[in-house]
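Each protein sequence line maps, in turn, to chains X and S. Here our numbering is used: the first residue of the first sequence is 1, the next is one more, and so on. Here our numbering is used: the first residue of the second sequence is 1, the next is one more, and so on.
Heads up, a few of these hints could be off.
Covered by chain X, according to a simulated footprint, are these stretches of chain S (three or more residues, beta-carbon under 8 Å) [stated by the list, open to error]:
| # | segment |
| --- | --- |
| 1 | 18-31 |
| 2 | 52-59 |
| 3 | 65-77 |
Each pair of labels, with its calculated beta carbon distance range [to be verified]:
| # | chain 1 | residue 1 | chain 2 | residue 2 | range |
| --- | --- | --- | --- | --- | --- |
| 4 | S | Met89 | X | Phe112 | 22 to 30 Å |
| 5 | S | Ser27 | X | Ser60 | 18 to 26 Å |
| 6 | S | Arg80 | X | Pro79 | 38 to 46 Å |
Honestly, the hints are just simulated from the structure, not real lab data. Owing to the predicted nature of the structure, the values given are computational and were not obtained by experimental measurement. Heads up, the beta-carbon is just placed ideally off N, CA and C, and yes, glycines get one too.
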Amino acid sequence: AQSVAQPEDQVNVAEGNPLTVKCTYSVSGNPYLFWYVQYPNRGLQFLLKYITGDNLVKGSYGFEAEFNKSQTSFHLKKPSALVSDSALYFCAVRPPNTDKLIFGTGTRLQVFP
Amino acid sequence: EPEVTQTPSHQVTQMGQEVILRCVPISNHLYFYWYRQILGQKVEFLVSFYNNEISEKSEIFDDQFSVERPDGSNFTLKIRSTKLEDSAMYFCASSLGSSGSYEQYFGPGTRLTVT
Numbered sequence: 001a002q003s004v005a006q007p008e009d010q011v012n013v014a015e016g017n018p019l020t021v022k023c024t025y026s027v028s029g030n031p032y033l034f035w036y037v038q039y040p041n042r043g044l045q046f047l048l049k050y051i052t053g054d055n056l057v058k059g060s061y062g063f064e065a066e067f068n069k070s071q072t073s074f075h076l077k078k079p080s081a082l083v084s085d086s087a088l089y090f091c092a093v094r095p096p097n098t099d100k101l102i103f104g105t106g107t108r109l110q111v112f113p
Numbered sequence: 001e002p003e004v005t006q007t008p009s010h011q012v013t014q015m016g017q018e019v020i021l022r023c024v025p026i027s028n029h030l031y032f033y034w035y036r037q038i039l040g041q042k043v044e045f046l047v048s049f050y051n052n053e054i055s056e057k058s059e060i061f062d063d064q065f066s067v068e069r070p071d072g073s074n075f076t077l078k079i080r081s082t083k084l085e086d087s088a089m090y091f092c093a094s095s096l097g098s099s100g101s102y103e104q105y106f107g108p109g110t111r112l113t114v115t
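This is chain X alone, in the form it adopts within the complex (with noise of 0.2 Å):
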């Protein structure tokens, strides 16, 4: 079965100190991967994403995110995390020939001042 695992709940970090949420997919081909941020009464809203070339994608707000095919991977990172950055954080995966995007279970970030 196709599935994207995120495997932390939350993730605390402390202000200024670079953040890593973690995601996994088993999907069979070459998907399409993507993050997305939830902040409180608002939609899901999209962070960046990965297509195709270099490993290292660039996305809104300084966040990136690092495509890893060996070990199905796409792990969103900030070299330096803002309290602002605090919100929930799904990774969703979109697999060949299809129009859904399938959802890990989001992880929470709590940025610390």
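Starting from the known structure of chain X, arrange chain S on it as the hints suggest.
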């Protein structure tokens, strides 16, 4: 920046009643989607829609569900006879194209509570 909007933000209905959830996709987008998230569970795909037709649907999207684009701006999800297990957050999304390289933009969701 253009956004997907959804109304109402919260809908409470009795079991067996029909509900219609409304969405206004981003104006130049051509592909539309519905997802749902039952409390504590993953966001799940329901259906995709293009050119006034369903292009893909999940096993969740049974005969109780239907979608429609009644005019040039709205996209609706109808549940004919709601069940308790339909209680969830329903998200509408839209994209400019259908290729996987096009990201989907999501609305804030409608929380449906079936009592």
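How the hints compare with the structure:
no.: 1; hint: 18-31; verdict: violated (count 1)
no.: 2; hint: 52-59; verdict: holds (count 3)
no.: 3; hint: 65-77; verdict: violated (count 0)
no.: 4; hint: Met89/S - Phe112/X: 22 to 30 Å; verdict: holds, 28 Å
no.: 5; hint: Ser27/S - Ser60/X: 18 to 26 Å; verdict: holds, 21 Å
no.: 6; hint: Arg80/S - Pro79/X: 38 to 46 Å; verdict: violated, 50 Å
Hint compliance for this structure: hints 1, 3 and 6 are not met, and every other hint is.
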